[in-house]
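Same order as they appear, the protein sequences are chains A and B.
1 is the number of the first residue of the first sequence in our numbering; add one for each residue after it.
522 is the number of the first residue of the second sequence in our numbering; add one for each residue after it.
Please note: incorrect hints may appear among the correct ones.
To be verified - Coverage of chain A stretches by chain B, computed from C-beta distances (three or more under 8 Å per stretch; other residues unrestricted):
| # | region |
| --- | --- |
| 1 | 136 to 144 |
| 2 | 438 to 446 |
To be verified - Below, simulated DSS-like cross-link-like pairs (lysine-lysine); rule was C-alpha separation at most 25 Å, straight line:
| # | chain 1 | residue 1 | chain 2 | residue 2 |
| --- | --- | --- | --- | --- |
| 3 | B | LYS711 | A | LYS133 |
| 4 | A | LYS342 | B | LYS587 |
| 5 | B | LYS599 | B | LYS711 |
| 6 | A | LYS133 | B | LYS684 |
| 7 | A | LYS133 | B | LYS876 |
| 8 | A | LYS228 | B | LYS936 |
| 9 | B | LYS588 | A | LYS342 |
| 10 | B | LYS543 | A | LYS345 |
| 11 | A | LYS434 | B | LYS932 |
| 12 | A | LYS142 | B | LYS932 |
| 13 | B | LYS557 | A | LYS228 |
| 14 | A | LYS2 | A | LYS38 |
| 15 | A | LYS345 | B | LYS628 |
| 16 | A | LYS2 | B | LYS684 |
| 17 | A | LYS345 | B | LYS579 |
| 18 | B | LYS640 | A | LYS342 |
| 19 | A | LYS142 | B | LYS653 |
| 20 | B | LYS587 | A | LYS345 |
| 21 | A | LYS495 | B | LYS936 |
What the hints assert, rightly or not - Coverage of chain B stretches by chain A, computed from C-beta distances (three or more under 8 Å per stretch; other residues unrestricted):
| # | region |
| --- | --- |
| 22 | 527 to 538 |
| 23 | 564 to 573 |
| 24 | 923 to 933 |
Simulated from the structure, these hints should not be mistaken for lab results.
Note that the structure is a prediction, hence the values are computed from the model and not measured.
Note that the Cβ used here is the ideal one computed from N, Cα and C, for glycine as well.
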Amino acid sequence: MKALRSIGLVLFLFSFGLFLGLFFVSDYTLTKEIFETKVKTEHQESLRPTVESLFGKKYSTTFSFANAIARVIDQVNKKFRQEQQWDKVIYDDYTAILTKASTSGIITENTALLFFLVFGVGVIGALLFILPKVSLELPGIKNNGIFHHALNNRGWIGVLIGTLLIVFYIMIYFYDAYIMNWIILVEPLKHWIYPQSESSQWFLYGFLYTFAVLVMGVRMLIKYRHSKYHIVRTISVMFFQLAFAFLIPEILVRLNQPYFDFKNMWPLDYDFFDAWHINMLTSAGGLGIFMFAWGITLFVVGVPVFVYFFGKRWYCSWVCGCGALAETAGDPFRQLSDKSLKAWKVERWLVHGVLVFAVIMTAGVLHNFITGTSTVFGLDTYTYLRRPYGFMIGAVFSGVVGTGFYPLMGNRVWCRFGCPLAAYLGFVQRFKSKFRITTNGGQCISCGNCSTYCEMGIDVRWYAQRGQNIIRSSCVGCGVCSSVCPRGVLNLESKDENGRFGQPVLLGNNHVSMPEIKSVN
Amino acid sequence: MREIVIIGNGIAGITAARHIRKRSENKITVISSETKHFFSRTALMYVYMGHMRYENIKPYEDWFWKKNRIDLVNDHVKDISTTERVLQLESGKTIAYDILIIATGSKSNKFGWPGQDLKGVQGLYSFQDLEKMETNTENVQRAVIVGGGLIGIEMVEMLLSRKIEVTLLIRENSFWNNILPDQESRMLSKHIREHHVDLRTKTELEEILSDDNGNVKAVVTKGGAQIDCQFVGLAVGVSPNVDVLKNSGIETRRGVLVNEYLETNIPDVYAIGDCVERTYELPGRKSIEQVWYTGRMMGEVVAQTICTTKTKYEPGPWFNSAKFFDIEFQAYGNVGNELQLDEEEFYWEHDGGKKAIHFVWNKNSKIILGINVFGIRLRHEKFDRWLREQKSIHFVLQNLESANFDPELFKRHEKEIVEDFEKSMFGIKSTVA
Ligand SMILES: Cc1cc2nc3c(=O)[nH]c(=O)nc-3n(C[C@H](O)[C@H](O)[C@H](O)COP(=O)(O)OP(=O)(O)OC[C@H]3O[C@@H](n4cnc5c(N)ncnc54)[C@H](O)[C@@H]3O)c2cc1C
Ligand code: SF4
Ligand code: SF4
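Here chain B stands alone, though its shape is the one from the complex (with noise of 0.2 Å):
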C-alpha cells in the first residue's frame, strides 16, 4: 500500500482520486485550499445567477469521499520537497507521499494594467472569486468585461442576470475570432447583442481610473475612450498555476512539464489537468489545455498508469462545447479561425440566425477534419468515430441525420443542408442522395 498523495481537489484530481480508489487500495489523500470538497468550476456561474446553490454543484455528496476513503485536506501546500518525499503545509503541518500528483490547475492573467488591483476589478476562475462577485457586483449599474473568450461571455451573462449593463472590450472583429471562422463569430457577435450587450470589438484596455476611496470608476480603452463603470471583470485567459513548484525541482516552463505518460522530471511526481504543459505533439492539440475534459481524461490515465498499466495520455480527437446565452455549441476535430490551404470548408446557418454548422475537410483527400455546430445537438460518439475512421465529408454527411441528437419533435435540418452543400459545391459531384 502506498501513500498517494495528490494537490488540488479539481476535476484532474478528484478523477484520478477516484480511479485509484476504484483499482486500488492504495492511501489517498487530496489536499486543496480553496473549498472542502470537490465542486464543477463550470457551473460557478450558475451559482451566482440563481440556477443552482453551492451545493448543487458539488457532484457528490459529501459522505462520498469518506465512504471511498478519500482523505480530503483543506490547506494550502506552501512548498515540496521531492527529496525527503514530503509536503509543507500552510498551517504548518506536512505530509509525506509515495506518490505525488500535481493538479495545481490555473490562475487567472493579469497583463499589469494600470489600475488593475482596484477595488472592484477582478477575474474569475475560484470560489473564492465567485464569493468576490458577489460583494462587489452590489449596487453595481454599469460594468465592463475585458476579454471575449468563454469565462468574459460567462461573466457577461451573469451581470445581466442581476440586471447590470455590461459593456464587452474584445480585441478581435467578432466575438471570439481568434478561435471561430469569421462566419459563426459574427453570428453569435449579432446575438450578444440581442441579449444588450455593448459590444465594442477591436476594443483594448488601456487603464482603469479609480475614484477617491480606490474603487473602479471608469475604464479607459486604447483609443481614449472612458466607459463608466463601477465593477470590471478582467477574463483575458488563464495560465497554470504553478507557484507551488518553484523550489520543488519540478521543471516548469508554462505549465508542469511532462512527458506522455505524465510524469515529470522527477520519478513518482506526475501532473495532471490546467496546469500542465506536454513537452511532446499531439496532432490538433496544444500543448496546455485548459478544458474540464483534459483534466478528466488525463486523471483517468494517470490512475491506470499508477495502478496497473503504464498508459499513454492518448486523447482521441478533439472535442468541446460551451453555451452562448441561448445557443449551444459543441465542436468535434479541428475548424481553425482561418481556413488553411489544403482545406474546404462548407457552412450552413439557419435563417433565425441561432443554428449553423461548420464543416472542414481535406481538400484533396476529402476527409473530415473537423465541424462547428450551433443550436443543434450532435452525437458525439459518432464524429468520434468517423474523426477517428477518417470518413470523407461526402459520409459525414450523408450519414448526418444519424448523428442527430436533438430532442424528439424538433426541427430537423439534416436534408436542406445537404441540399444546401450540393448547391454550394457545383464543382465537387456529391453522391449524397
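Next up, chain A with everything else stripped away, as it sits in the complex (with noise of 0.2 Å):
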C-alpha cells in the first residue's frame, strides 16, 4: 500500500513536471497565410508594413514571440493615437490569437498523447497516492505532522506553490499568450465538448480548477469519510463545479444559447448587469430571458430565503465555485488563517469595503444601461468603475490574491475578505438566520483545534470555551470545527430562532452568576 502511494506520487509529479515543461516547448513563426486568416481584413493593411519584417522569423520562446507581435501592435497604435485616428486603433487580442496560430512542435503534433500524459497520468497518480489512506489509516480526524509540514506550514513546498499558481494567474489574466502552449494542451477535450469552437485561457482555467476541485474533492472524501456531513457536502461541490460551472455552459454555447452558469450570482457575478451582459441574455430568446431572471431571482429571493434556514453555508460550503476549490483543493491550508483580533477588524473593513464598490459599480453600469449614457455625474463609468473593478477585484483580488496565497494565508483569502456575496450573505446569517453553531454545556477543554482549522479565521474557542453560540456572519458552515472538536463540544444547527442570542451558560458551579461579558470588540 505504501509502496502503491510512492508509485502514485511519482507518476503525479512526472505529470506536473511535464505540464510545466510544456511550457517550454514550442517554436513560434508566423506566416503570412497566418496573418492573412487569422486578421481581420480591415487590420492587415494597416498592420502589414510593420508586421511583414517578423514573416518566417522562428521564436523559441512565446516570450520574445508573443513581445514581439504586441510590440508591433502598439506600434501601429501609438501611431493612429498620435494622429488621433481613434476609429482605426486595433483593440483585438492579435497577441494571442497569432501566438496560437503560429505555435509549432511537439504540442501541436501530439497534443491528445500530451493531454493523455499529463491529465490521465495525473489522475491516476493522484489516486494511487489518495485512495490507499483507506486502507493505511482508521477513519477520524489524522491532522498529524501538518505543522511540521513543508507543504502546509509555508515551508518551501508551500511557498514554491504560492508563487506557482501567483504568476499562473498574472499570466492567466493578463498574458494569454505566454502560456499559449497549455491552451493548446487542452484542445482536444474543448473541441470533444464543441468541435467548432477554440480553447481559450478561460476554458484552460475552467478545466484546471474542476480537475482540482475533483481530484482533490477525492482526498477530501477519503480524509473525512468518518462524516457524513463532509462526504455530502464534498459531493455537493464537486457536482456544482463540474455540471454547472463546467459541463453546462459549455453545452449550452453548443447549442447557441448564452454561456451561463446557473449557480453563480452577482454581487460574485459582477458582470452580470454590464449592458453587454444584459443585451446578450434577453436576446437570446426565452432561455436568455428565463437566464436573466433567475440570476435575479437568485440573490434576491435565493439568499435570503436559503440563509434564513440554512445559514450561508448553503451557497459557500455547498454549492459555490470559490468555495469549492477552498473546500477541496484549498483543505491542506486551512490552519494557515489569522485568527487575532486584527485580522478580523481587517477582515470587517476589507469585506464590507468590497461590497459597497460593487454596489456602486453595478449602480452606475446599470444607470448607463437604462439610461444610455456611459458616465454618472460627468465621469466615465468604464474608466472609473468597471475597470477598476475588475482589474482590482475581480483579477488581483479573487484571482491572484485569492488563489494565489492559499499556501501562505490559508484557503478562504479570497471569501474571507473580498467577497461581496460573502458579505451580502453574512448579514443575512448575523441578523436573520436560525443557523448558528452550538456548544456542548461545559465540555471545552480549549484546546483551540477549533480555532485553528477554521478556515475564516474566527476564534471559535473564544466562544466554546464561555459557553456561547457562535453567531459570526462570516462563518460558512464547512463544519471542520466540529469534527476537529476532540471533546464533542461543536454542533452546527438551524433551529428555533429564539435564544440563538441568548446569553453565554457554561455549565458548571450552582449560583456561580456570569458577570456581564464585555464584548471581544
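Take the two lone chains, each set in its own frame, and fit them into one complex as the hints suggest.
Set out below in C-alpha cells:
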C-alpha cells in the first residue's frame, strides 16, 4: 500500500513536471498565411508594413514571440493615437491569436497524447496516492504532522506552490499568450465538447479548476470519510463545479445559447449587469430571459430564504465555485488563516468595502444601461468604476491573491476578505437566520483545534470556552471546527431563532452567576 | 483595592484572575514558572503531533493580559510567609499580597522504580516535559509507556504520530478498567490494538535498564520479560503539587486542604484546581479532582467569593470527556467500573465496535445515576438537568433523541438503543414506545 502511494506520487510528479515543461517546448513562426487568415481584413492593411518583418522568423520562446507581436501592434496603435485616428486603433487580442496559430512542435503534433500524459497520468497518480489511505489509516481526524510539513506550514513547498499559482494567475489574466502551449494542450477536450470551438485561457482555467476540485475532492472524501456531513457537502461542491460551472455553460454555447453558470450570482458575478451581458441574455430568446430572471431571483429571493433556513453555508460550502476550490484543493491550508482580533477588524473593513464598491459600480453600470449614457456625474463609468473593479477585485483580489495565497494565508482569503456576495450572505446570516453553532454545556477544554482549523479565521474557541453560541457573519458552515473538536463541543444547527443570541451558558458550579460579558470587539 | 496574588497560571488560576477582573478593580498578579502565558495543558499532545503550534494552544492572545490589567510574573515562588503576607521568589524579588490564591496544579507520579531517572525516561505534565519529549524521542524506534490512564494513552498516540512503535503496559485486564466497566474497556482495548499498539495487560514495571551512557535501553516487567526501547513514558497518575507550601503553615495532606468555600486554614489564602484536597464530602466526587473542569469551576467560585458573595464550591453532576484515538468519550453522572448491589445497568454497543452507551440506574427507584457514551455526542445540558432532577431511566430513554448532539446527517441510533433495551429488560415493562 505504501509502495502504491509512492508510485502514485512519482506518477503525479511526472505529469506535473511534464505540464510545467510543456510551457517551454514550442517554436513560433508567423507566416503570411497565418497573418492573412487570422487578422481581420480591415486591420491587415495597417499592420502589414510593420508585421511583415516578422514573417518566417522562428522564435523559440513564447515570451520573445508574443512580445514581438505586441510591440508591433503597440507601434501601430501609437501612430494612430498620435494622428488622432481613434477609429483605427486595434483592440483585438492579436497577440494571443497569432501566438496560437504560429505555435508548432510537439504540443501541436501530439496534443492528445500529451493531454493524456499530463491529465490522465496525473489523475492515476493522484488517486494512487490518495486512495490507499483508506487501508493505511482508520477513519477519523488525522492532522498529524501538519505543522511540521513544508507544504502545510508555509515551508518551501508551500512557498513554491504559492509562487507558481500567483505567476499562473497573472498570466491567465494578463498575459494569455505566454501560456499558449497549455491552452493548446486542452484543445482536444474543448473540441470533444464542441468541435467548432477553440480553446482559450478561460477554458484552460475552467478545466484546471474543475480538475483540481474533483481530484482534491476525492482526497477530501477519504480524509473525512467518518463524517457524512463532509461526504455530502464535498460531493455537492464537486457536482456543482463539474456540471454547473464547467459542462453546462459549454454545452449551452454549443447549443447556440448564452454561456451561463446557473449557480453564480451577483455581486460575485460582477458583470451580470454589464450592458453587453444584459443584451446578450435578453436577445437570446426565452432561455436568455429566463437566465436573466433566474440570476436576479437567486440573489433577491434565494439568498435571504436559504440563508434564513440553513445559514450561508448552503452557498459557500455546498454550491459556490470559489468555495468548491477552497474546500477541496484548499483543505491542506485551512490552518493558515489568521485568527487574531486584528485580522477580524481588517476583514470587516475590507469585505464590506468591496460590497459597497460592487454596489456602486453596478449602480453606475445599470444607470448607464437604462439611460443609454456612459457616464455618471460626468465621469466615465467604465474608466472609473467598471474597469478598476474588474482589475482590482475581479482579477487581482479574487484570482491572484484569493487563490495564489492559499499556501500562505489559508484557503479562504478571497471568501473572507474580498467576496461581496459573502458579505451580503453574512449580513443575513448574522441578523436573520436559524443557523448557529451551539456549544455543549461545559465540555470545552480550550484546546484550540477548532480555531486552528477554521478556514475563516474565526476564533471559535473564544466562544466555545465560555459556552456561547457562535454566530458570525463570516462562518461558511464548513463544519470542520465541529469535526476536529476532540470533546464533541460544537454543533452546526438550524433551529428556532429564539435564544440564538442568548447569554453564554457554561455548565458548572451552582449559584455562580456570569458577570456581564464584555463583547470581544 | 486589594492586592490579589495567584500562584499558578493554569486553568484554575487564570479563570480566577479573569473573573476577579470582570467583577472588580482589584490589583491582580499571576505568578508562574512554567510559561509566560496561559496555555491549554490538555492540548499539549497536539503540539507534539503537529496538529497545532504552541501559539495555537494559548486560549487568549498575548495582548489580552495587559488590556485586562492582569500582571504576569514569570518566576518561581520559593517560599510563602503567611504572617507577613509576602512571597519569596526564585529571582530574589518579593511580592506582597492581601489575598493569596494557590493554584499550583499537579506533578507526575514516580514510584521509585530503579532507573526512573535515566535519560529518555519521563512523564508528561508541563510544557518543559513536552520540550523534553521532543528531544528524548529523536531517532527513537521503540518506546514503552507505563500506565493506562488518560495521559498514558495520549503519550501512545503522540509517539505513533511520529511512527514510533509503542508498547503500553497496564496493570488491569483491559484499558482503563480501574475506571471503566469491562464492556467499554474491552471495546477500547480492541480499538487501541487496531492502531498497532502492543498493549500488554496485567503487566507491571519492575525496572528500567540503562546502556553505558545512562540512556534507557530496555524495561523489565514484573513477569520478567525484557522489552528493548529507547524511550519510556511514565504515566502513572499525578499528585497535587504542594512543594511550595512546606514551611508556610498552610495545611496539606495529599493536597492543600480546603473547606467548601475553598478557604485554607489561613485567612485570605484560598486554593483551587488540581492542587486541592477537599476536607468535606461531595456526592459522586473524589476529594481530589484533577480535571480541567474542576479548575475552571473553582476559579469562578473563588472569584465570586472574593469579589461579591461568599460562595460554596458545589459543582453540578460529574461530567468528563476524552478521546481515545478515533473514539470520543463523554461521561455524565457516575458509572463505576463495577456495578453496585443497588444498581442496574444497560450496555449497548454498535456492531462496528466504535460506538457504545452505558446506562446505570438505581434498582429500586429507577433513578438514572450515570451514563458513559462513546462515539456519539450527547448534550451536556440535558443530562445535567436529568441528573439533577433525578429522572428515571425510562424518561431518559424516552427523551434520548432530544439529547443527541451529533452533527447533521449522522446516523442516529436512539431507536435501536431503545429496542435493545426493551429486549434485554424483559423483566421490566418499559413504557418507552
Ligand atoms: C497531558 C495532559 C492531558 C490532560 N487532558 C485532560 C483532559 O482532556 N480533560 C481534563 O479534564 N483534564 C485533563 N488534564 C488535566 C488538566 O490539565 C488539569 O486538571 C488542569 O490543567 C489543572 O489546572 P490547574 O490550574 O489546577 O493547574 P496547572 O495547570 O498545573 O497550573 C499550575 C501552574 O502553577 C505553576 N506553579 C506551581 N508551583 C509554582 C511555584 N511555586 N511558583 C510558580 N509557579 C508554580 C505550574 O508550573 C503550573 O504552570 C490533562 C493533563 C495533562 C498533563
Ligand atoms: S466556524 Fe466552524 S463551520 Fe464556521 S467556518 Fe469556521 S470551521 Fe467552518
Ligand atoms: S470547542 Fe472543542 S476544539 Fe474548540 S477549544 Fe473547545 S474542546 Fe477544543
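To see whether the hints hold, each was checked on the structure:
Closer than 8 Å: that is the beta-carbon criterion, and the region 136 to 144 of chain A has 6 residues meeting it against chain B, so the requirement of 3 holds. Only when three residues or more bring their CB closer than 8 Å to a CB of chain B does the claim for the region 438 to 446 of chain A stand; here the count is 6, and the claim holds. Between LYS711/B and LYS133/A, the direct Cα distance comes to roughly 21 Å. Compliance with the 25 Å bound is thereby established for this hinted pair. The hinted pair formed by LYS342/A and LYS587/B meets the criterion: a straight-line CA distance of about 16 Å does not exceed 25 Å.
Distance hint between LYS599/B and LYS711/B is unfulfilled; the C-alpha atoms sit about 47 Å from each other, more than 25 Å. With a C-alpha separation of about 15 Å, the suggested pairing of LYS133/A with LYS684/B holds against the 25 Å cut-off. The suggested pairing of LYS133/A with LYS876/B holds, with an alpha-carbon distance near 22 Å, which does not exceed 25 Å. Pair hint LYS228/A plus LYS936/B holds up; C-alpha atoms about 19 Å apart against a cutoff of 25 Å.
For the given pair, LYS588/B sits about 14 Å from LYS342/A by alpha-carbon distance, which is consistent with the 25 Å threshold. The hinted pair formed by LYS543/B and LYS345/A meets the criterion: a straight-line CA distance of about 24 Å does not exceed 25 Å. This hinted pair checks out: LYS434/A and LYS932/B have alpha carbons roughly 23 Å apart, not beyond 25 Å. Proximity of LYS142/A to LYS932/B is assessed by CA-CA distance (about 21 Å); at most 25 Å being required, the pair is judged to hold.
A hinted pair counts as satisfied when its Cα atoms are at most 25 Å apart, and LYS557/B with LYS228/A does not qualify at roughly 41 Å. Proximity of LYS2/A to LYS38/A is assessed by CA-CA distance (about 52 Å); at most 25 Å being required, the pair is judged violated. With a C-alpha separation of about 41 Å, the suggested pairing of LYS345/A with LYS628/B is violated against the 25 Å cut-off. With a C-alpha separation of about 14 Å, the suggested pairing of LYS2/A with LYS684/B holds against the 25 Å cut-off.
A threshold of 25 Å between alpha carbons decides the hint, and for LYS345/A with LYS579/B the separation of about 20 Å falls inside it, so the pair holds. Straight-line distance between C-alpha atoms of LYS640/B and LYS342/A comes to about 44 Å, which puts the hinted pair past the 25 Å bound. This hinted pair checks out: LYS142/A and LYS653/B have alpha carbons roughly 24 Å apart, not beyond 25 Å. As the CA atoms of LYS587/B and LYS345/A are separated by approximately 20 Å, the hinted pair is consistent with the 25 Å bound.
Simply put, LYS495/A and LYS936/B have alpha-carbon atoms about 22 Å apart, close enough for the 25 Å limit, and the pair holds. With 1 residues having a Cβ less than 8 Å from any Cβ of chain A, the region 527 to 538 of chain B misses the three-residue criterion, and the hint is violated. Given as covered by chain A, the region 564 to 573 of chain B passes the check, having 6 residues with a CB less than 8 Å from a CB of that chain where 3 are the minimum. Check result for the region 923 to 933 of chain B against chain A: holds, 7 residues qualifying (beta carbon to beta carbon below 8 Å, three or more required).
Violated hints, in rising order: 5, 13, 14, 15, 18, 22; the structure is consistent with all others.
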